[in-house]
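Visitor: One-letter residues, chain by chain:
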Amino acid sequence: MREALQRGLREALDGNPNVYLMGEDIGAYGGAYAITAGFIDEYGPERIRDVPISENTFVGAAIGSAIGGLRPIVEFMSISFSLLAFDQMINIGAAIRYMSGGQFKVPIVIRAPTGSGIQLAATHSHAFENWLASVPGFRVVAPTTPYDALGLLRSALAEDNPVIMAEHVSLYGRRGEVPDDRYTVPIGKADVKLAGSDITLVAFAHGVVTAFEVADKLKERGIAAEVIDLRSLRPLDMDTILKSIAKTNRVALIDDNWRTGGMMAEVSAQISEQGFDLLDGPVARVGGDDVPAPYSRPLEQLVIPDSDRVIQAIQKTYGI
Amino acid sequence: MITEVTMPSMGADMTEGAVARWLKKEGDAVKRGEILAEIETDKAVVEMEAYGSGVLRKIVVTEGKKVRVGELIAYIGDPSDALPAAAGKPRAEPAATKPEAPRPAAPSAARAPETARQPEAPAAAERPASADDGDRIKASPVAKKLAEQHGVDLATVTGTGPGGRITRDDVEAAAKSGSRPASAPAAAPAPAPAPALAASGETVQLTSMRQAIARVTVRSKTQIPHFYVTAAVDMTEAMKVRKQLNDALEPEKIRVSVNDFVIRAAVVALKKYPKFNSFFEGDKLVGHAQINIGIAIALEAGLIVPAVLGCQSKSLKEIAVSARALGEKARSGKLTQEELTGATFSTSNLGMFDVDQFVAIIVPPQSGILAVGRVTKTPVVKNDQIVIAEILKATVSVDHRVADGAEAAVFLGEVKKALENPISLLV
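Each protein sequence line maps, in turn, to chains P and D.
Reminder that position 197 of the first sequence reads as 315 in the numbering used here, one-by-one numbering, no gaps.
Reminder that position 213 of the second sequence reads as 876 in the numbering used here, one-by-one numbering, no gaps.
Because the hints were derived from the structure by calculation, they are not lab data.
None of the hints are false.
Between beta-carbon pairs, the in silico distance windows are:
1. Met217(P) with Glu835(D): 52 to 62 angstroms
2. Glu1070(D) with Gly340(P): 26 to 36 angstroms
3. Asp424(P) with Gln868(D): 49 to 59 angstroms
4. Phe394(P) with Thr880(D): 36 to 46 angstroms
5. Asp832(D) with Leu188(P): 55 to 65 angstroms
6. Thr999(D) with Gly340(P): 37 to 47 angstroms
7. Lys337(P) with Glu981(D): 56 to 66 angstroms
8. Ser840(D) with Lys365(P): 19 to 29 angstroms
9. Asp832(D) with Lys223(P): 46 to 56 angstroms
10. Gly340(P) with His889(D): 17 to 27 angstroms
Note that beta-carbon positions come from the ideal geometry of N, C-alpha and C, so glycine has one too.
Bound-form chain D, shown alone:
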């Protein structure tokens, strides 16, 4: 039996990916569950397990080449069985027969942890038995010419023209967002440190990860109309509660950070205003039953924003435990793909760098991100008296397609209220 290995979907908004590295060679024996390859998405490099056992008969997609989700990348099977006739030719899916981004209605709920292990599921059924024009990449003449000029690999570009034709605009967008075949062969599963510029004037090749960060942030800032709302939060009470809590949790070796308070407060506000926990999709907002809070983590190699999953039912203490575990997994490269891509709303904290406040870029397809600075003792006026308060400045970045300024202000007000009444975070 021959099994087709196709590009797995590693997240709700993943439309394409590249094999960063094949860990097996053609002819190698493969056991179900073994790591077959490393897949690079816009966000991370994730290991892909083999779905079937047998021999890796043929690698269809070479390392670094981007293909759409569901596209054939290799065959696994008995050495004696014949490969299908089309084997060896990477096929471009005829776009008309394939939804642009296979996205479940409620992504976080529907996304099962083993998504990566069902490679043949969605696309194989939809692919026409005889892919007549599937062998050919349909691109307009000017698109081909531009692709050549800009060094864009047309196989990595999704056509938006009639019949899925790759148009001039598609190539220009790809050239702008740097969608090129990754020339760096592979990023290690635990991300390697970003190369530092040894001397000014030197040019260094960006890692896959840095290139992915570039793509995601450009996509965000060019497609999402950001706006920002800032509020000063009085953390005086919260800091007292935190101290008591940490004293009490000392025997369990659990420490609750200011950031855990912020996450918990965000969850409280998101429950009340679920709009901010939804994804914008053209003419609709897709809400999520789960609240998965992404935490911006600065690794040496670059930024990742993995999520604490299921925050809607987690206590402050559980959030603290999960967030700490998440950070450790991030540093050791052990994050699951769900953690890597499942966030529905994010937070970012630069307080440890003595930053007072800043604005963050939304991680698509999310609708908002909450950026907080340090907690600092500040003279404030209370009841016409100048007193010292522990002030935290919180700035929420919001997708204006999803919500307006007044709504964002109310949402942020809810975060502030929750943090200023920390008991509410404990229930």
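Okay, chain P solo, but in the shape it has when bound:
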């Protein structure tokens, strides 16, 4: 996935002189996750801008430059640090187009490594994409595959609204086919990653990996699971989910992140609002434990739901 993102960023930099990158340690250091390794040599410090530890300031600057006609791509070291920039992101970035009656557009892409699983402890393992997905004015995407990462980045760079791209830290090394052509993946469209008829599994980012493990285990028992990758958290593609549940009548929602008020709480609520008559039982929702991310590897793995936990929830809910 790292290479797919690099390809997308290079295309943007090559194709549009108004595109520039900004973030902490993205220049000489090459980025906390080495996404921009070597970029500073290719594009120079004007376009690959290292910034001090001052999130609210540099995000504010980026938003201002976007309003002024540039196309900034901002990288947070961690979505945990986005907390410091919520004022600029939400009060200005998400609202100014509306408040100005459409006079100002904010064509900015904010890339944010998110999630846990690589022992970065409580202050560097947050996943706030669900919070951001509750903000009108934002587009929020969370790719699982290299293909989707590149396709969504291309779509994000064609958007006139702020797009948050939540990149799960455990997926950067994930491999997958990426065609050579200039395809795009539309924002706001979920993807049926595996077709099945007996139960719908809805997940995003690393949760999709878990969903595939669940599907494999269910298959051994003759149960065909359908795996839906949300890809976009805002707008949320409920049509694809409901269409699937109409077929399977059962649904399990998988979320690595804190369960309470998590992304799947919203999905679950909308299913009950729009798909009540399709259901053969309550929604089975599996989320991460409501604790600060542990540093200890065994403990960290324990709080992230694995396939067995999902299967238990499915058995408890549907008796299958």
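Assemble the complex: chain P is given as a structure, and chain D must be docked to it using the hints.
Guide: Relative to the frame of chain P, chain D by itself:
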């Protein structure tokens, strides 16, 4: 005193039943032992006696509505006593508190003849005093929607989901097996003739009995993996013995039929291979001390398979007498519920229609059925000579969950051996 009348269990595998007809109205005086209602099971319509005396205070379950065994269907009691608060609302049993099918470990032995007269026995004790969620039928949204589309009454469906929830699959199964409220109000105790199609293109309403036959056979063929083994049996000796026997029994006006020989031979084989006299129950086989041989009887209204009870200790002559009596009771609608539902293994005979051989459908929860055709003179090779023998073709249908082909072959071989050495049937 108010007595609860609950849906009686009319057989080991009965889980639900419907009141085909109430013979008393609310307010009518009822004496203990009087016929209160006719209960329709999957297999037959059986009369239910009143357990207590008093007044039929309230009918809780209307005619045609299916309810689970043990569920409240009416109240009998003194006119002055107050009915319980929940009276009038049929309750769905919370499945978690109630075994799915109350089935004694050895059904035939444990089933007392008065089962029908102890309506309050099993369920009343198990029902929670305050049936909090008992008033509500728990069904998933999609199950409710499907039930509406298929016209399935959810009160007649047993939920298999967590907490007894009725699921999509439960409704689909019910729709498939035609588990709907019987719209025909009642079948007479002595079954009425099945309506005949007067002209092609006409549609007729099936009787409760025909609907029951449909349900049982579909259940059998969809749940029991049948397989069939056929053998030709040389009945030459048996036919001679039969003639001698009938001549001897002439003064007693007893006639032993070929079918009686077949039943007796089946009993001999079942004693040796008791597996075929057991019921398959998920992860176990439940064997029976008694051998009750069901006999398929074609009535005008449809097929029934009542049993000659206790065949393990009956002689050929006793079997002949019992089988004849059974046929007469079947035709006059006087079968007891034990005879109707107590068979542990069955036989079917189409020999009188000049059929050579056929295969029969197992009657659940039994494990096998023996189907025989006519006895016919056939050229056979014996000691390299072509001779004429009286040949009967016997086909046993077996539940593959219970026994394999080789075992069925050995079992059928035992039937054949017994019939070909008829003296063994006389001892």
